[in-house]
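Using the sequences and the accompanying hints, generate a full structural model.
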Amino acid sequence: MTKVEHLYVHVPFCAAKCNYCAFYSEAGSAEQMGAYVDGALAELSRYELQPRTIFFGGGTPSLLPATLMRRLLEKIPAGDVEEWTIECNPATVSTEKAKLFREFGVNRISMGVQALDDAMLEVLGRVHSEDSAVRSYEKLRAAGFENINLDLMFGLPGQTMAHWQETLRRAIALQPEHLSTYCLILEEDTEFWRLFQSGRIKPDAEQELAMYEAGIEMLSAAGYRQYEISNFAKPGRECAHNIAYWEGKDYLGIGPSACSTIGDRRWQNSAELTGWKPGRAEVISQELRASERAAFGMRMNAGVPGELVRGRWDQEIAELLSAELVQWRGDRLQPTRRGILFADEVAAEFL
Amino acid sequence: MDASLIRNFCIIAHIDHGKTTLSDRLLETTGALEKREMRDQVLDSMDLERERGITIKAHPVTMSYHAKDGKTYVLNLIDTPGHVDFAYEVSRSLAACEGAVLIVDAAQGVEAQTVANVHLATKQKLTLVPVINKIDLPNANIEEARRQLEEILAIPGESAVLASAKTGIGIVDILEAVIAHVPPPQATGEEALQALVFDSMFDTYRGVVTYVRLFAGAIQPGMMIQLMSSGAKFEVKDVGVFDPKPQKRDRLEAGDVGYVIANIKSTADVKIGETITDAKRPASKMLPGFQQVHPMVFSGIYPVNSADYEHLKAALGKLHLNDSAFMYQAESSVALGFGFRCGFLGLLHLEIVQERLRRQFDMDIIATYPSVVYHVLKTDGEILEVDNPVHLPDLSVVDHIEEPYVKAFIICPNEYIGDMMQLVMEKRGEMKKTDSIDSHRVMLTAEMPLNEIVVDFHDKIKSVTRGYGSLDYEHAGFREGDLIKLDILVNGEPVDAFSSIVHRTKAEARGRALALKLQEVIPQQMFQIAIQAAIGGKIIARETVKALSKNVTAKCYGGDISRKRKLWEKQKEGKKRMKQVGKVNIPQEAFISVLKSG
Ligand SMILES: Nc1nc2c(ncn2[C@@H]2O[C@H](COP(=O)(O)OP(=O)(O)O)[C@@H](O)[C@H]2O)c(=O)[nH]1
Ligand SMILES: C[S@@+](CC[C@H](N)C(=O)[O-])C[C@H]1O[C@@H](n2cnc3c(N)ncnc32)[C@H](O)[C@@H]1O
Ligand code: SF4
Ligand SMILES: [Mg+2]
Chain A
379 MTKVEHLYVH VPFCAAKCNY CAFYSEAGSA EQMGAYVDGA LAELSRYELQ
429 PRTIFFGGGT PSLLPATLMR RLLEKIPAGD VEEWTIECNP ATVSTEKAKL
479 FREFGVNRIS MGVQALDDAM LEVLGRVHSE DSAVRSYEKL RAAGFENINL
529 DLMFGLPGQT MAHWQETLRR AIALQPEHLS TYCLILEEDT EFWRLFQSGR
579 IKPDAEQELA MYEAGIEMLS AAGYRQYEIS NFAKPGRECA HNIAYWEGKD
629 YLGIGPSACS TIGDRRWQNS AELTGWKPGR AEVISQELRA SERAAFGMRM
679 NAGVPGELVR GRWDQEIAEL LSAELVQWRG DRLQPTRRGI LFADEVAAEF
729 L
Chain W
-7 MDASLIRNFC IIAHIDHGKT TLSDRLLETT GALEKREMRD QVLDSMDLER
43 ERGITIKAHP VTMSYHAKDG KTYVLNLIDT PGHVDFAYEV SRSLAACEGA
93 VLIVDAAQGV EAQTVANVHL ATKQKLTLVP VINKIDLPNA NIEEARRQLE
143 EILAIPGESA VLASAKTGIG IVDILEAVIA HVPPPQATGE EALQALVFDS
193 MFDTYRGVVT YVRLFAGAIQ PGMMIQLMSS GAKFEVKDVG VFDPKPQKRD
243 RLEAGDVGYV IANIKSTADV KIGETITDAK RPASKMLPGF QQVHPMVFSG
293 IYPVNSADYE HLKAALGKLH LNDSAFMYQA ESSVALGFGF RCGFLGLLHL
343 EIVQERLRRQ FDMDIIATYP SVVYHVLKTD GEILEVDNPV HLPDLSVVDH
393 IEEPYVKAFI ICPNEYIGDM MQLVMEKRGE MKKTDSIDSH RVMLTAEMPL
443 NEIVVDFHDK IKSVTRGYGS LDYEHAGFRE GDLIKLDILV NGEPVDAFSS
493 IVHRTKAEAR GRALALKLQE VIPQQMFQIA IQAAIGGKII ARETVKALSK
543 NVTAKCYGGD ISRKRKLWEK QKEGKKRMKQ VGKVNIPQEA FISVLKSG
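Those protein sequences? They're chains A and W, same order as listed. Numbering of the first sequence is given in our numbering, commencing with residue 379 and proceeding in unit increments. Numbering of the second sequence is given in our numbering, commencing with residue -7 and proceeding in unit increments.
Just so you know, these hints were derived from the structure itself, not from any lab. If a hint is listed, it holds; no wrong ones were tucked in.
Stretches of chain A that chain W covers, calculated by requiring three or more beta carbons in the stretch to come under 8 Å of a beta carbon on chain W:
1) 583 to 589
2) 623 to 633
3) 639 to 647
4) 712 to 723
Okay, the calculated beta carbon distance ranges per label pair:
5) ARG578/A with VAL389/W: 58 to 66 Å
6) GLU561/W with GLU565/A: 18 to 26 Å
7) GLU566/A with GLU343/W: 34 to 42 Å
8) GLU377/W with GLU566/A: 48 to 56 Å
9) LYS562/W with ARG449/A: 40 to 48 Å
10) GLY529/W with SER576/A: 42 to 50 Å
11) ARG572/A with GLY469/W: 53 to 61 Å
12) GLU566/A with HIS111/W: 54 to 62 Å
13) ARG496/W with GLU591/A: 43 to 51 Å
14) ILE531/W with GLU565/A: 39 to 47 Å
Glycine included, each C-beta is placed from N, C-alpha and C at the ideal position.
Pasting the structure below:
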């Protein structure tokens, strides 16, 4: 079997749960964090890996104390790694940790900034301020990180267009290499969901659209190329790890709630702090994998190669073409601007 | 068998007054069966019937009873369907009897169905044996029940047997009263076989089992019989009675009630009310009262997935085999594709058939707005029967349209009279009279268009009266009405499945309500959708479903590919379950909401 080239490590701890977030994470005591690292190391030792991309996500990987983080980083087979990202919450970035990451070869940071004004950060239940986000960013730069992503969110309760544009302006001013803009999704089992159920949050599709488009415009004017629904990068700074997911590559996920896809198997680990186990594997046929590749591929501006979709989806493609949702560019089928706005509609056609 | 020792009777009652429980008791007391065994044997066997508290079909039961006079009698208990939709079937069951036990709940008193049933029984000249049931209840009011029997139904209250089907009080008295008051079968003067078909059922192993009451002659296996109305001839395979299990007999004779099995393929071949006679020596005349039953309410039934058409056809065929009153015929709709036009005796019948398709046959169906049958009198003198709005000719060639009416009996507590009358008026009804039933209830008699009560009248009565009102009705012929066709257009295309025939005074309000409702249930799509209500080309209401501005989830999924894929799959599945009209996807709820907006 060829060695898996893409490794994800889920670190399931957060200092506090944000009001919108449904990713698996818990507060975690020092003891639990220790036990988690032991478990992750044990899990890692079961696989032979030679990753080209590594992504530490969460949760908040940067919350792990330095000693524990070191134990984990030491065991990551990073000899051939080209891109190694660690997700950070601004509140948990320190110069010491930044240096530690650098020492082991981490070369990309993804920081959840979400918003750049304190009132909104409070609404979101974030544990940091605008100021600390900026300072954390600077610490990362000072430690030598040359590839930084910032996550931003729009469609937030009480957020106006002017607010959002200001957030974008401030983020652009920091000149990160990469920006992700996510539209708020109301997830069950979150504080926002409860507010939504009781009618205190009302999503406004028109406004979301306007904000999304404003984001595309401002970011492209600032030299960021949109390469996926939510992702913008300076040329050459696209996230290789995420692209691997979307291109249907095999990947291994370590840690609670992490997903893996290898060959025709896909499984998800159980969401528990200690003793997490792989769930029952779903069999992903060649056919289904091709469907997923096409569906996720069409969320990228580069689209998919014609050979992937021709023959099997000719009728669907003809309909999408006539609805002006997709277009041929050379031998690649790509979403149009309108196709980006109706990406779920487009994706469903390939399933 | 000496006919003077036979009693043929049925039990009539308003729903829940204790018909099923009393039947149980009678069987138990005469030793027909043990209680537990009976549950499965004789009672309302289908879940649906249990839930709705109605019996559509139960076979007749023959009991043997040692009376106080020392003689042993044969008592044939014939079941009657408990709902007006089946009024004709009820009348044939009654015609097979000489008497009826009339149950009145001591706590509830006389109700709408009691009145309607007594009307039917009196028309058949049956001897009534009144029973006041549930006297064990703490709130039983025997004197009041007696008074209502007398005042509303003109039945001597003093003669009523007091009983509790629950505790067993009065059961023997009821049996004795049946023997004493119900006349034994009388000779008709015919020598040749005359047997009334009052019901039939389809049995996978035995074919059609016909339930009969013999009025003259005898019937036995091997004999050639003839149906006097259709002329069809069959050879008798078996005859017998239910005690309550089927028991073969050598022959059935005048006065007997039992079953006949002949080589009959479908219940539709042996209509209820038919007279069976001896093919070699036919009777001189048929038993009275045979009618072709005509469906009164129609609805289109379509598979949600057009691939299920053949399944649906097979399922309808099976239902028809056992329910000859239910008719179906292939039709197609622009909006819904291929399906069937189905005819029912009434709304309950329609609901039962639809429920059975869903539950028993696991069919995913869409049913169109129910329509009654209209008589369309054209200017050229032609008369059309129209049961589907799509077939209504252009009004320029129509002289006038007649619609079916019913005489409705509504019983409700006094305090709701005002609301009830208003409801009747809203439904274009005409109040005929109000009779007070007791100190707190009245009976309203009204003439109403069937088309107004078909959809939600019963529900409305229940809601206006907080569940205390009851309704029953009988058909009352056709009358001219100012009727028009209301169309619904989606992006300019009329959707035939949404059309309905309505009274002119109702058209605008209904059109507006429908357009609004559709606007709510049709999901936003990638383009704007116009929903219009129109009468003969004139738009009377318009609503717009705004175009969806985006359909994209800008979210961080990481490796959780399956979750996202499943969302897309669900989205696609949802789309598949919708019907496409032009480019617009219309969900099932839209069709259902049209049904609900009476
Ligand atoms: N207390 C009491 N309840 C009864 C009596 N007879 C029937 N019931 C109850 O009344 C309800 C309706 O009875 P059922 O025989 O199904 O009525 P049907 O709808 O006329 O067949 C059931 O809950 C019975 O248990 C009776 O004599 N006394
Ligand atoms: C896996 S999360 C972890 C990021 C990191 N823990 C932090 O918050 O700083 C990655 C990103 O997903 C986005 N996100 C999380 N929940 C979301 C939601 N309900 N709707 C939209 N975006 C969400 C946030 O922008 C978040 O930064
Ligand atoms: S957004 Fe990030 S910090 Fe907030 S709860 Fe989710 S994973 Fe934790
Ligand atoms: Mg019953």
